[in-house]
Amino acid sequence: MNLDQMLNGARDEIAQATAPIDDRTLTRVRGTVRRARIQRHTFESVGAAACAGVLGLGAWTLTSSDSSTPVDPATGSTTTGPTGTPSPTAEPTAEPTTAADDGPAVRADEIDDATVLARLSAPRTGERWFDEAMDASDALDALFTPDELANGPEYRLTLVGDREASAIYALSFPAAQTDDSVLWAPRVELYEIDEDGPRAIVCPSARTTDACASEFSSSKAAEDRDTFYDTLTLPASLALGDGWALSTDATRAEADRVGGVALPAADSPEHLEVVAAFGPLTVARRDVVSDVDGLRSSSYVVTTPFGSMIPVADADVPGLDYLDITWDDGVDRSTRVADGDWANYAQAPAVGTCSTAQFSVESSHDATAWRTAGRTADGRDVVVPVAGNPLAAAVHDWQLSHSGTIDEKTGETVTGLDAGYRFATTEEFLAAQSLYGVQGPGGEWHLHLRPEATNVVYECA
Amino acid sequence: MARPWEQLLDQVARERWPRLVAHAALVAGSTSEAPDLVQEALIATFRGRARFTTVEQAEAYVRRAIASRAVDEARRRRRERLVALRAAAQPAPPDTVEPPGPGRDVVRALALLAPRERACVVLRQMEDLSVAETASVLNLSEGAVKRYTADGLAKLAETLGTHPHTATDDERVPVRPSPTPRIAPGGAR
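In order, the protein sequences belong to chains A and B.
The first sequence begins at 0 in numbering that gives the first Met the number 0 and counts up by one.
The second sequence begins at 0 in numbering that gives the first Met the number 0 and counts up by one.
Honestly, I wouldn't trust all of these hints.
[To be verified] Calculated cross-link-like contacts (lysine to any residue; reagent style SDA-like; alpha-carbon spacing at most 25 Å):
#1 B/Lys154 to A/Asn1
#2 B/Lys154 to A/Met5
#3 B/Lys154 to A/Gly8
#4 A/Lys219 to A/Asp140
#5 A/Lys219 to A/Pro152
Read the hints as simulated data drawn from the structure, not as lab findings.
Turn these sequences into a full structure, and let the hints guide you.
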């Protein structure tokens, strides 16, 4: 065997043993190329403008080749190796699919959920979300001036998808604190960049009645109220099984979270558990650290296909509307005791006031330790602990012992009842129907704590 | 709808990936580094202004990008290794051992060549590039291409125990007739 035969044989062997390119790799390559092309375009535009006044001396900048690209090759294939067999593979989130309905992609005031769900799986709007967001910090100068980048927050820009001739980017910021990703996480902003420049996508929903972002951070981007995505349009109702569903009415009205907030950091103790999928959207339970033993505390979020999460508003979670519960003892407990969002809805009992957890679940539920005591406005049974239920004592003890504030007259720190906690004993705590449960999906009991039974704090900071 | 460059990139990557990886394995003397090399070459080729309109033209660009990057990467690694060795005053670690796999003996033998020798052998012997084209791709003089190619082939023949090539008058190595003309200036864009 001569050398030519050995070289060609080796090449053929390697080619035959090599699998086709996987979708993730191709997506990464495509995204990197796109970003580089956008940057090149920006550079050349600036270069052209600068050179225009120099008697045409700059004309070369628009026609010279990129030094990093290879030299002109010969035309035609010069290889004699085996022909690679194209092996297109499914790329579920990256390829647009045929529209569920072939009409023009226009917004509407109301869209029934069947249509929303169909479009989540078969969007009319052409967006493709990458399986993995790619760092795009080198494209930040398309959104901000050098001065803004030098003096502004530490922006995080990722390339998350594309649509027609536009690349889609997600911009986020460092969280002020990391102990509760919903409470502290800054919003995520969506931008599209094409050869005409950057646009801030402020109304991503196909519903005209859903909120648009009231502001965006980029000084260079134009506000785009026309572009929307079928894959970011929430159904009005998110069914989680057994006839139990989250509403999204209040969630969709949140103008500062249309793009969601950043997911918990990798080193965060928070954990997301997906409980249902609606096309590329998922509903997840966001578990937070519980402060009372034997309870798991969570809230609901909707995760987006570009790696953010939209917190489900308290008003959209069945059972949290404490003020609307009708109690069997006939006592009216619908009076709101304070201003502020914290006083509107119940929360999880195993966390403090400054947590956004919406419910806690026992590791094992003993039905004999609970009794039915009322009904929610939408007709769900409400249970409360029977006297002697150890969980009630544990929750009361934690909330009382973790109450504290600053006496603004003396400047001294005061705690417990001195701080204004309302219930001195577990009996008082129980009599006020502070801790209650409403059945969630799968028959699981979601436990809640009425707003005024949560621990007193000076401020959440 | 995907842009033309995007469609072309997808087509090249999906249809030609195994062949490009094989090319990269030979030109780098390493099967493990080949996929990364192909990715980088795809990016370098498509990030610039397109000077190609067909898959064949694009693939040819990518192959040349692979060769030039393989040489650059080998030189960079050698520099880093030397710096690290000077700093640590330690004996040179052995090069990465090529794992068993297809074409192992040939890849091992190629790995023993200097990066430029390897690139010249592959471009000249397998890609049918002329001396001038190879010199352009690797930023070498034509004389250097001839020397590297001849030296590389001789070493390969010795390592693999094959018949060495017979030198020709002008290049000292046999070449196949140039199969295709170069793109004319102002040609396909």
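Against the 25 Å threshold, does the CA-CA distance of B/Lys154 and A/Asn1 hold or violate the hint? Status holds; Cα separation ~14 Å.
Quiz item: Is it true that the CA of A/Lys219 sits at most 25 Å from the CA of A/Asp140?
Solution: holds (9 Å)
Given the proposed pairing of B/Lys154 with A/Met5, does the C-alpha separation stay at or below 25 Å?
Given pair B/Lys154, A/Met5 holds - Cα atoms ~14 Å apart, limit 25 Å.
query = Is it true that the CA of B/Lys154 sits at most 25 Å from the CA of A/Gly8?
reply = holds (18 Å)
- Taken at face value, is the distance from the CA of A/Pro152 to the CA of A/Lys219 at most 25 Å? Between A/Lys219 and A/Pro152 the Cα gap is close to 16 Å, so the pair holds against 25 Å.
Hint compliance for this structure: every hint is met.
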